[in-house]
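Listed here are the chains, written in short residue letters.
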Amino acid sequence: MKILVPVKRVVDYNVKVRVKSDGTGVDIANVKMSMNPFDEIAVEEAVRLKEAGVATEVVAVSCGVGACQETLRTAMAIGADRGILVETDAELQPLAVAKLLKALCDKEQPQVVICGKQAIDDDANQTGQMLSALMGWPQATFASKVAVSAGKATVTREIDGGLETLEIALPAVVTTDLRLNEPRYATLPNIMKAKKKPLETVKPADLGVDVAPRLTTLKVVEPPKRSAGVMVADVAQLVEKLKNEAKVL
Amino acid sequence: MTVLVIAEHDNASLKGATLNTVTAAARLGGDIALLVVGAGAGAAAEAAAKVAGVSKVLVADSAAFADQSAENVAAQILAVVGASAGSITHVLAPATTFGKNVLPRVAALLDVAQISEIVAIESADTFVRPIYAGNALATVKSADAVKVITVRTTAFEAAGEGGSAAVEQLSAVADSGLSKLLGRELTKSARPELGAAKIIVSGGRGMGSGENYHAVLEPLADKLGAALGASRAAVDAGYVPNDYQVGQTGKIVAPQLYLAVGISGAIQHLAGMKDSKVIVAINKDPEAPIFQVADYGLVADLFEAVPQLAAAV
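So the protein sequences, as listed, match chains C and P. Residues in the first sequence are numbered consecutively from 1, following my numbering. Residues in the second sequence are numbered consecutively from 1001, following my numbering.
Nothing false has been slipped in among the hints.
30 Å max Cα-Cα, derived DSSO-like pairs, lysine-lysine:
(1) C/50 / C/152
(2) C/152 / P/1180
(3) C/203 / C/32
(4) P/1141 / C/225
(5) C/219 / P/1141
Just so you have them, the derived chain P footprint on chain C, three or more residues with Cβ under 8 Å:
(6) 86-97
(7) 116-127
(8) 131-139
Residues from chain P shown here face chain C by an in silico Cβ test under 7 Å; the list is partial:
(9) 1104
(10) 1137
(11) 1179
(12) 1186
(13) 1256
(14) 1292
(15) 1296
Treat the hints as calculated values from the structure; they're not laboratory data. Even for Gly, the Cβ is constructed at its ideal location relative to N, Cα and C.
Take these sequences, add in the hints, and give me the full structure.
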């Protein structure tokens, strides 16, 4: 059984981004880039399924600029067997990425696609669901537990009121939530080994996909700042302020 | 022009998030049709008809919708949009786990972009949404024929009652058979929902354990009639279930009063609560970043300060 794992190169989660002064976007020149944390969880889950003998091959896919190769190498250092880069300098929105992934799924025929539930840059939370719909497959989003056996997957999902467990037929798309697993650190020998793993590069045109954006960003601004308030000396003063100044008690 | 709002409900009643989404729909202008996709959802449909501003309630009632699976609910929404012959220009759902699960399927099958978690509406095709955990606000314009949108509920007031919309029964789409619900473990609580609470008491890693979390925070929450929340660190450590999590990837809240106890204030946590009216932080570390956004900060041992606070309010 083959598992496909899409991985996105994003601004590292520890970086505090700055909005460009001309309002055209966020300044990502010279900031640290990493694999989207939810995608790391997805790679880890796929590799664990391979280690458990459930999957036979884990293929990592990234869509974007040439530097996404680094993200694919990270996925291969965690344990993915090979990588596919869909290389383009164009701005990619979730629908376009879902279409690129559909083209690759048609070709690669994976039984399971494990995606991160959202990327921490655009916070869209769309691509997995879109891919699932385009493929006509079932989906299990926001997974905190995944078990795969004989043509089906049992997935526990984090929902607003608690948890729910679904049984879905394969092939299917699963998207990861935070508590699915704790990704391993890639060891140096595995990082070295990853450099020798196969990495194929294709262009969106090779896949017959039009990636033109549907949304135009008119401007990007900083949100209104919250400034620090006052420090209170003790609980009594806090209660007094909440009652008489903030009037929320 | 019709704005189709997807109701989130439990068949017996509408979820509060639906009411905030109706308010967003009203800002767009045009008629509002509220779609209830459920199984035995007569009571929810009746409640939907009473929401102020709704011109029509559409009901698709079938056993196929008992699980509220994304596959079946999305298929029904597509059928409704298709049957409208172009009169539906917008499809809105709350940006809850329900809306986030279902709506991207609708967008993909309509071959349109989805605009996620809007916080403001500039015009019928231009919207404001947070990116980078709310550290930036992007204004985006959609060129698509149908705008598929999830709405951040804290950014819009809840619609009131007083409507008397006609209820129209639709024929339901067939069950896709792709997905089966095996069970739900829902957190039972007599407290208000996190998303709708006026006061939230939230605990972080500083609580030290699940026992401490409950022993220290519950008496205060009981006194204040508050909902209980938590930081990702507290959820990851297993102190409380996942549905307590406030943050970029958990729940987004904006209560009148948010009490952050033993929470350091990571960016992803601030993303979930920084629109609260008043923020109070109690932490023993004076350098904790939470103090930079708190209206009132108290550097203290939470195990002493919180019981004192519970006694004083």
